[in-house]
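Undergrad: The listed protein sequences correspond, in order, to chains A and B.
Per my numbering, the first sequence runs over residues 64 to 832.
Per my numbering, the second sequence runs over residues 234 to 440.
Derived from the structure by calculation, the hints contain no laboratory data.
Hints are not guaranteed to be accurate.
Stated by the list, open to error - Straight-line Cα separation of at most 20 Å, SDA-like style, residue types lysine to any residue; simulated pairs:
no., chain 1, residue 1, chain 2, residue 2
1, B, K320, B, L425
2, B, K308, B, E428
3, A, K203, B, R336
4, A, K203, B, P366
5, A, K203, B, A335
Stated by the list, open to error - Here are the simulated distance ranges between beta carbons:
no., chain 1, residue 1, chain 2, residue 2, range
6, A, E99, B, T365, 35 to 43 Å
7, B, R323, A, E322, 51 to 59 Å
8, B, P366, A, G190, 50 to 58 Å
9, A, R465, B, T365, 39 to 47 Å
10, A, G190, B, L430, 42 to 50 Å
11, A, L239, B, S385, 52 to 60 Å
12, A, L240, B, G317, 34 to 42 Å
Ideal placement from N, C-alpha and C gives every residue a C-beta, glycine not left out.
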Amino acid sequence: MPRPQPRTITFTIDGRDVSAPENTMLIDAARQGDVEIPAFCYEPKLGQPVGACRMCLVEVEGIPKLQTGCSTPVKDGMVVYTQGERVKSAQQAVVEFLLLNHPLDCPVCDKGGECPLQDITFGWGGGISRFIEPKRHFVKPLELSPLIAIDRERCILCYRCVRFSQEISEDYQLVLLERGAHSYVATFDGHPYVAPFSGNIVELCPVGALTSRPYRFRARPWDIEGAGSVCTLCPAQCNVTVTVRDERALRVLARENGEVDDGWLCDKGRFAYQSFHVDERITEPLLRDGGRLRPVSWERALQQAAAGLARAGASTGAIAGDHSTNEEGLILARLMREALGSPHIDSRRASSLPLELHRALGAPGLQAKVSDLEFAHAVLILAADPVNDAPILDLRLRKGVRRHGLTLAVASPAPSSLDENAATTVRHAPGAGAIFAAALSAALTDDEDAARLARDAGAEPEAVRELAALLRGPVDDVPDTGETPPREVVILWGERLAAGPNGEAGIRALLKIAEALGMGGVEGAGLLEVPATSNGRGLREAGALPNAGPGLSEPASAGRDTRAIAEGLLDGELAALYLLHCDPLRDLPDSELWGRALASAGTVVAHAAFLTEGIREHATVVFPAEVYAEKEGTIVHPDGRIQRLRPAIAHPGSVRSEWQVLAELAGRVGFDLDLLSGAMASRQLFESVPFYAGLTLEEIGGRGVRWQEREAAASFPTPAGVTSAAGKLEITDTPADALELAGFRSVWDAPEVEFSPALGFLFPHRELA
Amino acid sequence: MSDTPRPHDPPTEGSATLKVTGWSPGEDVIEVQRSPAPGAAHGAWRTFRETARGLRTTMARIAEGPSTIQYPEEKVPVYPRFRGRHKLHRFEDTGGTGSDPARAGLEKCVGCSLCAAACPADCIRVVAAENTPENRVSAGERYAAVYEINLSRCIFCGYCEIACPFDAITMGHDYELSDYDRSDLIFTKEMLLAEPLERTPLRNEGE
Ligand code: SF4
Ligand code: SF4
Ligand code: SF4
Ligand code: SF4
Ligand code: FES
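The whole structure should be built from the sequences, with the hints applied where relevant.
TA: Rendered as structure tokens:
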């Protein structure tokens, strides 16, 4: 449903007139007038308040009893007191009651120093305890999961964690058992609480009842600093604060940004920081010598890499992968195109798309924001599985369905975690996403091919027709009062739609669907891509594409795409390969082809943080790569939000910045990139992409800016009439005896998960070789 | 401003005070020692008188005998509340009320870092870790895996002692803390737990 537009009202609090949106809870409204009402259980992110802790009692004129500020909506003319005797004594009594059974073992409690219970007891409590009886005891601490420890004595029964599990992540695992003073938080039957978002309850718990096992006892709030950055471990790019002590990352906390993550993090984002400081991390340059990689000096590594690249010259291929920033993409493209004269650079996994399609997909009028997923009338998930591709979007969709009446439709080859929330679910054959998109576009345009295409895609023609009707929306429930507001439909599509022989047709079908649903230029509607790599969009816009330069401009000459690079290496037309944060054996489809291609490559230069198979077996020179908490630069969220990475921790060992290494290599092959600092790289990016023009790092700041909302967006090369010109879609039929399996890599299948000691148990072990 | 010039006011041209000394000590000074009036006899007498006065003190002390303390063989006793080098403590099994034989020998410090928070010189570093049944170091859930005090920075204020909820750290009496190397002044947990080699003598009550 579209966003509500609340009315502003005026009420009186402690004798002051304050304006606030109508029906916000008193506790939030009071804040507008700089009045703080203490609270434990209230957390707006969790949805409806429950009024469990009674800490927020206030006096409202005309109501005889004290009211809970967290669940009393503010009305025009309300008169509220928060400082009176009655309120004060109620607050003191609530604190005293909460502390009756509280162990008060602050010195050994991990929350000490950042504990709301300490703060509120200090600020609003009575200061003395009259309770001399023995306290209630539980066994402590216990493992709630391999990641979370629970201390039930400290729990104040605020229900936050249980509400998170029941209403936000909807994994329904946490419950409160027993009654009264004996209530405790548990999972059914004592199973470990393992879920993709479980770590959030640690941050939610207002006391030290739930603590992170990897962070347990590592530091106190006065030992640490918080450094804001952006997680690049998946395309959702959640904003995070890295807790730093002695130049090491000890914890990652959410840094709420309503337009990106809504204040949540997935467990990968929250716990994979451990992999920054493990022994497996590569911290010095390695050179292959006698078949084995051995540590060498930077000078030697740079010299060998430069020699290899100079030898190969124009027959060098380059692939930019996960975690590469826009700047790195741009500099790598410049190194390839300008210094080596080779156009063979790619950052995508699927075969290359015509430039006009990239432009059509990126057109500013067709982009949906993350918050649109929540407030749209309908969302279709196509060729994507949020919890495995960009986990945090899964929570956003659940919120839309639960709180804003969103109609969700899922089209996927396998059961997805959102099926239960979807109004309709359509299954199609594996690898047939593109044909399914064609079928849906045909159904939306009432093409007679619809039924045939649906059958080709392995879906029920009837289901596809129903899905089309659902996306178009009810025709007659809006009373005809002239202006009908446009229907807001968002399609969340995965980049793997463009994979396979029908990839291009799939993208054309997607654009046709967008046109048929009238998405262009409608606020709140549009396409939202889930790229295959975390900064997929940014790398494309920075020009890490075989057929596009910076800003999706026409390149001087077109090069090979990822697959063609492998083929080029195999048939000897390419001699060297440059891998920026990419291990082809892990990250790219067809690892068998890549295995042979890498083996026949003359020089393989790789930037890698971990020695994964492909790097270990085939790289000639390995430069130690930075992790995101060490990087400086910008990345682009799938919805076009340019976000800034700031270094939070120091480089371990002799790790150097990627831009520095790339610039140095360019210098050694005889080309000056004119780069002396990370900020200069960003400036070069903003200058070379026309629709980022005029951007500065200061403007991006901590929240990021969507380039579509800036004036320079007008210079985006939006193509005219891609879809209508396309006419009928060309679909290649899968041979009847072939079974096509769609391959994709889940975000949980990553070295960061594998090498984090606490998170390793979540690493999916592949069964298919 | 009144008419009487105040002591530090610049002298006014032609005023009465200026003519006398050039500097007036102000009204609340009862007596001013002025240098002797010019003249040779006056000066000689004054030199003789002052030397004799000094010699009287010297003679009187010679009669008392030497009072040198032979440091470092001999040490000045300190008062019981003297704040010297810190000590970390272990639980002892005293057999008295409140003593728990199960805890005897365990470190009192739980690594809570409250001392580090209280320290105004920021010279305490605590890195805590979790006790396990196999490796129990302290009586609580956590213990200090690293406990360091940089004594070259410490100002011996005793705030750490006050902050500690378990009386795990107290200010000892040792004051001999010079060294040839600054880094040797970073005292580790083992050094702070160990008994000092030599005890600093304490002053008795009323001494
Ligand atoms: S939850 Fe807060 S009040 Fe309770 S023991 Fe921990 S730090 Fe102290
Ligand atoms: S464990 Fe924490 S979040 Fe959960 S109910 Fe208890 S106090 Fe609240
Ligand atoms: S005595 Fe004062 S300065 Fe020295 S360690 Fe303790 S708190 Fe710090
Ligand atoms: S000495 Fe006391 S205050 Fe310092 S860490 Fe140990 S228990 Fe805490
Ligand atoms: S915050 Fe209002 S009852 Fe808990």
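Undergrad: Compare the structure with each hint and give your call.
TA: Each hint, compared with the structure:
1. B/K320 to B/L425: holds (5 Å)
2. B/K308 to B/E428: This hinted pair holds, its Cα atoms lying about 18 Å apart.
3. A/K203 to B/R336: Holds: A/K203 and B/R336 sit about 18 Å apart, inside 20 Å.
4. A/K203 to B/P366: The hint holds at about 13 Å.
5. A/K203 to B/A335: holds (19 Å)
6. A/E99 to B/T365: 35 to 43 Å: Distance hint for A/E99, B/T365 holds at roughly 41 Å.
7. B/R323 to A/E322: 51 to 59 Å: 55 Å Cβ-Cβ, so the 51 to 59 Å window holds.
8. B/P366 to A/G190: 50 to 58 Å: violated (38 Å)
9. A/R465 to B/T365: 39 to 47 Å: Taking Cβ atoms as reference, A/R465 and B/T365 lie about 42 Å apart, which means the hint holds.
10. A/G190 to B/L430: 42 to 50 Å: holds (45 Å)
11. A/L239 to B/S385: 52 to 60 Å: Roughly 53 Å apart at Cβ, these two residues keep to the hinted range, so it holds.
12. A/L240 to B/G317: 34 to 42 Å: violated (54 Å)
Violated hints, listed in ascending order, are 8, 12; each of the other numbered hints is respected by the structure.
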